[in-house]
Structure formats: structure tokens, C-alpha cells
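Read top to bottom, the protein sequences are chains X and A. What the first sequence shows, in our numbering, is residues 1 to 115, in sequence order. What the second sequence shows, in our numbering, is residues 1 to 113, in sequence order.
If you are wondering where the hints come from, they were derived from the structure by calculation, not from laboratory data. All values derive from a computational prediction rather than experimental measurement. We treat Cβ as the ideally placed atom computed from N, Cα and C, and that holds for glycine. One or more of the hints may lead you astray.
Stated by the list, open to error - Here's a subset of chain A near chain X, in silico, CB distances under 10 angstroms, partners left out:
#1 16
#2 36
#3 91
#4 93
#5 94
Claimed, not checked - Some residues of chain A that are not near chain X, with every Cβ distance over 10 angstroms (derived):
#6 43
#7 65
#8 84
#9 86
#10 104
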Amino acid sequence: GAVVSQHPSRVICKSGTSVKIECRSLDFQATTMFWYRQFPKQSLMLMATSNEGSKATYEQGVEKDKFLINHASLTLSTLTVTSAHPEDSSFYICSAAGTIQETQYFGPGTRLLVL
Amino acid sequence: SQKIEQNSEALNIQEGKTATLTCNYTNYSPAYLQWYRQDPGRGPVFLLLIRENEKEKRKERLKVTFDTTLKQSLFHITASQPADSATYLCALDSLTAGYALNFGKGTSLLVTP
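Okay, chain A solo, but in the shape it has when bound:
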């Protein structure tokens, strides 16, 4: 069955550094991969989408890479700020339900001043 794995351990980094989060998947050939941000007790917020034929995507301080050979995506936040502290979710297209998404468990990021 399809599996999406994100580092379950929280990532603690110092303000100003680059945070790098990993998403690995197995038994999957997704057409696209997305990253969402989720704050405690809130719904996810869309950040970036990268398609299978794209290697890299950028948006302001965010950068996503997509390696379909390694079946991995890396999510980078440069010049991190305490306001970036949240849980970041990796999501792939559902194989069974149209545009619905399959989510990883997320990685919690804490940026300290």
C-alpha cells in the first residue's frame, strides 16, 4: 500500500538558519506533491505544489525539490523565523479519490530566537 513518511521527530533550529524537512514515499508514482502548514488546532494551509516533471520550486523563502527516482521531496525554509514554527505536512494525490490528498503525519518545526 502507499506510504508517506515524514520525520516524526521535531526539528529544532535557531532563527536565521535554514530548515530542511524530508518527505519520502513508497509504492507511489504521484503526479504531484504538495506541502502544507498546520498550526495547532487549525486546518492545513497550502504552501507549494510541485509536479512530477519539475525538479525544484520556489516561493519567497520556501523551496521544494522533488526527486521521483529517490521518491523524495525536500522542503526548505531559508532565514527561518520563530513565526515559521508549525507542523509541515507533505501530501500526495490520492490514488482512489480524484483530487483528494494523502497526507504524511507531518514534521513539527520549532524555530527559536
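Isolated chain X, as found in the complex:
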């Protein structure tokens, strides 16, 4: 099946710094990718839809200036958490549409800890 990778898998940063997370589709092209966030024992919450070559679409309550998304190619989307704060500590997961379009292939996730 299709593979989606994320980098880094784990990051610890100081409050106020910015962190970039990469999401790559390794063997297929993804015009649309999704970014989710998951807090412990909670469901995955959609943050934004990343569209290749155009602006991302953010869900209600997600600050677009804080969570910058860039989808510059058909295989790469990046999420930058700007001026990170401890409350941004979470598990960030990206996904890309599968061969059955309604299904999704998920990356392994990135654990962010902001001190």
C-alpha cells in the first residue's frame, strides 16, 4: 500500500520557537493532504486541508497564522507551528487520500513537546 512518512517523529522545543513538520507521500502523488492533531486519549481532530499549489483550508478554531501549511509539491506538505507554547504539545498526524479516495493513508505522526 501507499506510504506516508513524517519527519521528525519526535521533537522537543522551547516555548516561543517554531517547529516544522514534514509530511511526504513516498510512492504516490497527493494533491490533497490533511493535518490532524491528537491529544492523549482523545480523537484525531482535523486542523486543516492542505492543497497542492493553493492555500490551505483551516478548520474553525485553528489559527492559520500559528499553524502555517505549505504544500509546494505533489509529495510534500509541511506544517510549521510558530511561536510554540506548551499547550501546542500534541501528536500531529498527516494523511493523504488513498486509492479508494474516501480512505486515507496516515503518516506515523510527530510527537511535539513544548517546554
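For chain X, the structure is supplied; the task is to place chain A on it using the hints.
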């Protein structure tokens, strides 16, 4: 608002038995419903998709039913194995974001030898 409910209590069963997990939803008329498996610290893995006009779907030891009248899906794992231990997530199509998904909190399954 749309709500997806999965049994929050962990399900513990003995190896070889059938595990049955429940997903209920309200304020929703989904075109399809999906089940994913998530292991600790990992991203979800797609298992099965069932559409609104389908009653049942099978894949190897997995079976999913979809009752749009009851607004419920049941997910069965037959002849369960310890390797089936994981969290199982129910997901419905997002009403606001194309092919994005709305997930339930998941039910943790533990299969003991």
C-alpha cells in the same frame, strides 16, 4: 453538532473469541463509515470502508455492519489474537472538508492469551 460515540471503556477478551466494537453517531447522515486501527504512538491504519447503501462488509477476520436507521456500526474481529490488541477508531466523512474524516475517540481492545 455531529457526534461520534465509541465505547470509552477498554474491551478485554480472550484469544479466539469474537470482539465486537460499537460506533454510534448522531446529527449525521454519512455517505460512508470507516474503521481504522491505531497502535500507541502511531498513525491510524485503514481497515474497512462501508457505504450507506451497504449493510455488511467483510475482510478476512473482520466484519463491519452499518445500520443507517439505528445510526450505528458494529465492528467484529473473529478468532481474535493478541496481535489484534490496539485502539480501533470509527470515522465518518467530514461535512465541511471534502474527504477529511471525523473520528470517534476509539475503543481500546486487549486480547489476552
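Comparing the hints with the structure gives:
Contact between residue 16 (chain A) and chain X, as hinted, is not supported at the beta carbon level, the nearest pair being about 28 angstroms apart and thus beyond 10 angstroms. This hint holds: residue 36 (chain A) has a C-beta 8 angstroms from the nearest C-beta of chain X, less than the 10 angstroms allowed. Because the smallest distance between the Cβ of residue 91 (chain A) and any Cβ of chain X comes to about 8 angstroms, under 10 angstroms, the interface hint for this residue holds. Of the supplied interface hints, the one on residue 93 (chain A) holds, with its beta-carbon coming within about 7 angstroms of a beta-carbon of chain X, less than 10 angstroms.
Interface restraint check for residue 94 (chain A): the shortest CB-CB distance to chain X comes to about 6 angstroms, inside 10 angstroms, so the restraint holds. Not every Cβ of chain X is farther than 10 angstroms from the Cβ of residue 43 (chain A); the closest lies at roughly 3 angstroms, contradicting the non-interface assignment. Listed as a non-interface residue, residue 65 (chain A) keeps its Cβ farther than 10 angstroms from every Cβ of chain X; the least gap is roughly 18 angstroms. Interface exclusion of residue 84 (chain A) from chain X stands, the closest Cβ pair being 19 angstroms apart, more than 10 angstroms.
In this structure residue 86 (chain A) is separated from chain X by more than 10 angstroms, as the shortest Cβ-Cβ distance comes to about 14 angstroms. In this structure residue 104 (chain A) is not separated from chain X by more than 10 angstroms, as the shortest Cβ-Cβ distance comes to only about 6 angstroms.
The structure fails to meet hints 1, 6 and 10 from the earlier list, while all remaining hints are met.
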